[in-house]
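Student: This is what each chain is made of:
There are 4 protein chains.
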Amino acid sequence: MSGSTFGKIFRITTWGESHGSGIGVVIDGCPAGLDLKEKDIQDFLDRRKPGQSKYTTKRNEADSVEILSGVFEGKTTGTPISLLVRNQDQRPRDYGSIATLFRPGHADYPFTVKYGGIRDYRGGGRSSGRETIGRVAAGAVASLMLKEIGITVQAYTKAIGPHYVADEDIHYDQINGNSLYMPNNEVAEKAGEYISSLMADRDSCGGVIECIADGLPVGLGEPVFDKLDALLAQAVVSIGAVKGVEIGDGFAASRSVGSRNNDPFFSENGVVSKKTNHAGGTLGGLSDSSRLILRAAVKPTSSIARTQHTVSVSGENSEITVLGRHDPVIVPRAVVVVESMTAVTLADLLLQNMASSMEHVKKIYR
Amino acid sequence: MSGSTFGKIFRITTWGESHGSGIGVVIDGCPAGLDLKEKDIQDFLDRRKPGQSKYTTKRNEADSVEILSGVFEGKTTGTPISLLVRNQDQRPRDYGSIATLFRPGHADYPFTVKYGGIRDYRGGGRSSGRETIGRVAAGAVASLMLKEIGITVQAYTKAIGPHYVADEDIHYDQINGNSLYMPNNEVAEKAGEYISSLMADRDSCGGVIECIADGLPVGLGEPVFDKLDALLAQAVVSIGAVKGVEIGDGFAASRSVGSRNNDPFFSENGVVSKKTNHAGGTLGGLSDSSRLILRAAVKPTSSIARTQHTVSVSGENSEITVLGRHDPVIVPRAVVVVESMTAVTLADLLLQNMASSMEHVKKIYR
Amino acid sequence: MSGSTFGKIFRITTWGESHGSGIGVVIDGCPAGLDLKEKDIQDFLDRRKPGQSKYTTKRNEADSVEILSGVFEGKTTGTPISLLVRNQDQRPRDYGSIATLFRPGHADYPFTVKYGGIRDYRGGGRSSGRETIGRVAAGAVASLMLKEIGITVQAYTKAIGPHYVADEDIHYDQINGNSLYMPNNEVAEKAGEYISSLMADRDSCGGVIECIADGLPVGLGEPVFDKLDALLAQAVVSIGAVKGVEIGDGFAASRSVGSRNNDPFFSENGVVSKKTNHAGGTLGGLSDSSRLILRAAVKPTSSIARTQHTVSVSGENSEITVLGRHDPVIVPRAVVVVESMTAVTLADLLLQNMASSMEHVKKIYR
Amino acid sequence: MSGSTFGKIFRITTWGESHGSGIGVVIDGCPAGLDLKEKDIQDFLDRRKPGQSKYTTKRNEADSVEILSGVFEGKTTGTPISLLVRNQDQRPRDYGSIATLFRPGHADYPFTVKYGGIRDYRGGGRSSGRETIGRVAAGAVASLMLKEIGITVQAYTKAIGPHYVADEDIHYDQINGNSLYMPNNEVAEKAGEYISSLMADRDSCGGVIECIADGLPVGLGEPVFDKLDALLAQAVVSIGAVKGVEIGDGFAASRSVGSRNNDPFFSENGVVSKKTNHAGGTLGGLSDSSRLILRAAVKPTSSIARTQHTVSVSGENSEITVLGRHDPVIVPRAVVVVESMTAVTLADLLLQNMASSMEHVKKIYR
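Chains as they are written, first to last, in our numbering: chain A, 1 to 366; chain B, 1 to 366; chain C, 1 to 366; chain D, 1 to 366.
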């Protein structure tokens, strides 16, 4: 497995399992001189922490972060920043059925085959949602760096199951006004009722997360394979439970026509802008001066308390009932994960773009 | 720009501009001993060649490929395979307005800013659709390698604008029966009429491409950032004009519930399978024994013969009419590009997965 | 800084400063199914631990390693192995002159310029010899993996200052018979006296470390840039204080002639071997069936208790006397570091080589 | 094989075999806006061209380079620069013994094993010295970029067999005054006689190449694995026939003492310098304001016209006489290769270093 590193200059390497000693991330390539305190990171982690509302797992984890390296006297030093979150709520218990049965919708089966029969089955091991702690801790650092040059990133819940917030109904100031992080309290209330009814039915649901970024310099992203939107797609789909991603109008653009979908340019006081933003802030895979907009489709939580058909490790047909503490919908807790992966991707492309022209090279070395 | 390489072991590096000397790709990491002839690659390239139907540009390019290295006596040698396609139809012409005006929907503006004012504006330069020649040439090689171990990849047009082929109406044997590569000749006919009406109106449209892969070993993909679906998302969104991607039920899964979306496992004659395949062939980002299914949303062609508002290189508001030879819809020609990028991604992950367990290591070295 | 990761498949990422919270490494890409206990790693770390003899610093560090992830029930799981060594002996003290003066022979000055004036000066920060803890911990894991398929790696002290062990005087069984890890106790005694005399003179010395590896399969290494010897050169020169590296006869080969330097092949019982081994086990950058042999030149310890001329952070000419606990020669403690970097390089190339031919591919997937 | 790419931002990917269609390189990540003409590259290639003196092979190759992409109106555009050199002198001949016998000192044997028996044996295929054409073409581009910010790189022949130029006898203005590129015409004459005597004896010799670089900004190189000297070591040892590398005093430093080997700093008119330069321009793996100095040990040419013992492809003991056109010493032609690899390494680290501090980041984005 070599897939635990993301990014080329601002590079993050995550590690850790749900019920091991801890979870962490090493951030290599963060520029020196950024103000960084544990609290900056803790604030991000607290947004994904379990136990925040009736819709999240009762698992009780403080998820306290420790900065192990890379920061001296409150500033990053340019050396790797190692962040550690100890696992705490690992009560000894009977993992019996999880150890021997493959849970539908989970990674148990392909992990077992891939790794020659060896698997840390406790709580999903490496494929647990706790894996995202490393992403969020890195996202906090990336966001701080972006903020220094005027870039802001913000994610929120666009839809829970069939309940969605239309573009014209978005109120950014309501995002933190409900436990679902929806930009519309009324829709959030209906969505909450929907979740409650599913919980009563021992079922689960999914939703859509939208993420926007403002203040991007023009030209972020690298043509061809490392386009801004392509790397965001990888970043976001790499989050467990995400089954799709779209930029700007996305799938709706496939049903539009060129005369409507093209965003005309205009110039005002020497600043080039676009009259519309169907593209969602990228042209040819590079940031284009407009707001960056992406959406991620999140599938319903796989762990449900209903009895399901499955197969055992030894290949026998069987039934499984996944007990334990599970979120009926992971969308609200995944909001900060999408925001973090977006920030990490932008931070990396921002640093990559520094070497794009001799003009930039000479600004640094002459 | 460092974004011209894709893959870790099976690595492809593409180069070339629309109106330069040529377009090419270097494939590094293809295992030795694969039978490979120029014709194998040419067949793939012919599928994306212009001038195949009334819906594609009249630009006349032979797009003949030459193998420059890496093949000896009809077999790959394990060294880099360099493939070259010379540009031919570069008639000298007046690039006037393209040189000085930013085309809406195109990469002209952010390219100019990113590269300090320097840009090969002829035909879009590096951001031209011709850039995909390198991808398709590499896809041909990847597909041959996959075939050797029983993996097949197939893409087709799922929708043109509002005209789509429902899952139950798919006839794989009709894909090559119409110039739109749709798996249903009837829908293709209606879609063709739709395109014709847009052409008459000097407008363009988009669509959806679906790609399936069969015969995958279980466990392809690397947990966390290099998940099979995450890398496919990058691969596919990195194709110009793609604005979204989804795996399995994708965005529809976000509106489903867990009890319906989970795919139960069952075992028959010692083989583990899934009763349904809402997941589209991946669990936890690894291949799971079912068919791999993905869909890409393609935006309408940006080049349209209508007059559009825009801005000039010097920052003045202006109007532009994009003349020249353009496809009213690029979906049919992009089918083989999506198939190629899927094949390249699978080839790389297949080789990566060889080192996943000591069991594998010992199979090779003992 | 993006230089904290080494390797492509077996990838190690190290982090940590001399006087921060700890030092560690994340190993990504270790195959699943390798037996691994903390003791295996501790044994390696104990070989580089300070305080082992009168020739090493008195700094007292237990350097106890903790496995934080990637191992379950005594076996690697294929997920990242995170290893942590807490720093313990961080007595608060006066760092005054180190904070404000650049130590000759140390990284202080270029670090300060590179990172915009920010530097963790305590004990050298990231450029401290303690940085090698991560390398050695990773080397222990790599060595275990190599052992599983019959590869052994062994380093030792070839020379201390002018005192060296000629090839014909090497006794491998004496390596652990002296505190300098020399394969000849007599030479070690003279070298020890030499070191003692330098210590009395508040001076320091360097030496040469030799490393051999046996049991390599033929063909490890990737042609052109990632040749076995090229990556070993990077791996070994990346160790602080190493100023040169040579393979086989190395610099002596530059004074030889072809008829003597070429190693003739011969075949015996179907096994191809070389009659001599001037090449040191590589041909064209690939392992060639003979013993791998490399040597690293280690400079004298930079920290000496003599007064030296230098410059202050504010640019004034000044004098410095480096106090504190320093090794008069770091060669003995660096032996295990060279061995570890060699093992890590071999482990990575061993895994890379698995994908070299369709023959291998079919062994895994058919 | 994935070893054909070098560098992280300024990335070069080489391809091609000795007797295939051609040899080439793709340079990805060269900043836009650099003046670049084919002649700039041709001048470098001409320095390694065969047939320049009586000491080089009679093989007659024009080695004319064609720029296929990445340059528009005389300037780099930031997109990949693809360079092609067609092979011309491929006269059909009898490759009989090379095809069936492994040449001592060559890569034939390990290549055959690595790639499952498949090998382009014509002229050494990929492991031919012609492979360095791609390196030199890339080195020309890197050198141009370095020159723009005041960095110069210069290599020359330090020694041919036992004939060497002592530091105090170096005359840089004599380097091009003899066909061996030695900085001392007298030593060059003796060295020439030595080569002639070996040629008469159907034997060959090696030598040492020294390379210096001036004008480096302080701080190039990335701590730990990607140190300036570590990457230079990889770059230089990756050149075929190089068996060792040293920085500054190198192996001699291992016999020195700290009080002599440490280079004291001093400050003059606000500029920090070192009084001596035993370190060869790097401290802690970063450039330190002094001249960069490295040396590469080159083994004697493996192809000699004497009869040697070897083994056939089918494993039988045999004899081989390597006929054809070979250099009795490759050092003079390798001079520009060492210079090129040094330039490429510096160019990459120069671009990497741009992202080292927030100070730099703000210079670009604010």
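Treat each hint with caution, since some may be false.
Label-pair ranges, simulated between beta-carbon atoms [as the list claims (entries may be wrong)]:
1. C:Y172 to A:R325: 53 to 59 Å
2. A:K37 to C:H309: 34 to 40 Å
3. D:G150 to C:H309: 26 to 32 Å
4. D:D167 to C:D201: 25 to 31 Å
5. C:P162 to D:D167: 37 to 43 Å
Derived, one-sided and incomplete: chain C residues facing chain A with beta-carbon distance under 8 Å [to be verified]:
6. S18
7. S21
8. V26
9. G29
10. A32
11. G33
12. L68
13. P80
14. G116
15. D120
16. R126
17. Y172
18. E319
19. L323
I should point out that these hints are in silico values taken from the structure, not numbers from a laboratory.
All of these numbers come straight from a predicted model, not from anything done at the bench.
Built from N, CA and C at the ideal position, the CB exists for glycine as well.
Student: Could you work out which earlier hints the structure fails to respect and list their numbers in ascending sequence?
Tutor: Violated: hints 5, 6, 17, 18, 19.
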